[in-house]
Amino acid sequence: MADPEIKSYAPHHESQSAAVTESRPAKAVLMIVTFAFLGIFLLLPLIVVFNEAFARGLSAYTEALTSPDTRSAIHLTLLVAAISVPLNIVFGISAAWAIAKFEFKGKAFLTTLIDLPFSVSPVISGLVYVLLFGAQGLFGAWLKAHGIVILFAVPGIVLATIFVTFPFVARELIPLMQEQGNGDEEAALSLGANGWQAFWYVTLPNVKWGLLYGVLLCNARAMGEFGAVSVVSGHIRGLTNTMPLHVEILYNEYNAAAAFAVASLLAGLALVTLVLKTLLEMRYGAEIAATRGH
Amino acid sequence: MTTAPAKAGWRFRQPSVIPGFGLTLGFSLAYLTLIILIPLSGLIWRSAALGWTDFWAIATDRRTINALEISFGTAFIAAAVNVVFGTIVAWVLVRYNFPGRRIVDAMVDLPFALPTAVAGIALTTLYAPNGWLGSLLAPLGIKVAYTPLGIVIALIFIGLPFVVRTVQPIMEEIDKEVEEVAATLGANRFQTIARVLLPGLAPAIVTGFALAFARGVGEYGSVIFIAGNLPYKSEIAPLLIVIRLEEYNYAAATAIAAIMLALSFVMLLVINLVQTWSRKRYG
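Residue numbers (the numbering used here), protein chains in the order written: chain V, 2 to 295; chain R, 24 to 306.
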């Protein structure tokens, strides 16, 4: 494989003497454990998804995907991602600008708060909106009097999705922009650029791959979120069912083939995300923040 | 306040020629407050409004206690399993060169990218009595699907990348000379790994454990399909919240959520202290 990453590792491996590497049998055991563990826990579930999706043949597969309920679920999932991801992009850029470009009191605390949604159960992320906007909620009576529907409708699903995907872009951009410093922007400003120009022509090109990386992860989670969305959606078929919720309904109706057909689309999305993410890491590793994995 | 002497020089922010501080910080704070802080404080406010007797009655309800025990217990076991296997996986990915290493490395992130509901139905199908793995385990008398063991399996899947991705970068930074020195001084390979390398990796391993554990405690989508969801036996706390909500029992849902948040917070605090300690000890 023409893999630059492996090439850069090569000297590392060549310099290994017997004293600083494991014996051959030990190595073999560790490799077997790794492959067995990853095979059972990661590869098999993935294979099962596609195997079950096509278990009843191609026509059953396409039929499941073109049913009106499935199509409206796909529609809703795309709509929700199309609203929540751009909002979190704007927030992520704005928070990264404030945190990375300036020194101010309480910065560390603000950074911690941004990560908060990651340590909250998805179910609780949905619950908090039910407590605010539900019939017994804080604003429930007021919303009802004014005829505004948030819960068990698209706005609630969008809010819950924004909540769970909130940190992705910001936490990718903050360390990256901190690492790059203010030098480029200061040069642009001293050459007569205004703030917007400095951002648009200097900062944005500097962080574009890191931004794309964050957006990729944000989008994958937005389209795949289950727990939070499940609490606020009300599971109304054809209206408030996103793809993951539709998978659940079909599965609970013992319509496994259709459930896995829809699931295979989501698994496909996950695979595309992983491929793009790996390509970004290989090509632009240095231009993506040092923080990996998430 | 003891900041009096510094008061003359106290500044909210350092001066800078870069514009846009007010706009970006203002927008970020407003967005954070509206989306995260107000809803979360609503939860705390609602549970405080419950009153102590009601709160205590919900907290000490057998079903609540069992659900919390199951959530925290299975998450703990799964995170412990991931610490062992995740560290081995990270080691193999960092140290050994084999064809397809890049693909295996990318695969580790699958649980981050795969929607939890998809993972849930796939694992359930795999471990059901007639599934590929379930049918192998059934003759041995091991039941996975619809038991707490199934919850552990789902949480191992969910938590694996947290351990690998936390430990891997630290392993990559290990200075090989340290190992050479240990070997020169007469340590065998096992001693070098156990007494020289692992202590240095301990803070990362503890962090990976904490992240996997925290995620496992709150996990919902991948668990509910495989768990069987029998009250008192295989019902996780997030599911009990959903059940209480569906019963319009907002009080109980709120109280259980508040307990979960508080427990996770305490756990993370303890793990943070352990981390600081191990950094000081082995840093």
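Keep in mind that the hints were calculated from the coordinates and are not lab data. We treat Cβ as the ideally placed atom computed from N, Cα and C, and that holds for glycine. Check each hint, because a few of them may be wrong.
Facing chain R, according to a computed beta carbon distance under 10 Å, are these residues of chain V, among others [what the hints assert, rightly or not]:
| id | residue |
| --- | --- |
| 1 | H76 |
| 2 | L79 |
| 3 | A83 |
| 4 | K106 |
| 5 | V273 |
Hints not upheld, ascending by number: Hints 1, 2, 3 are the ones this structure does not satisfy, whereas the remaining hints hold.
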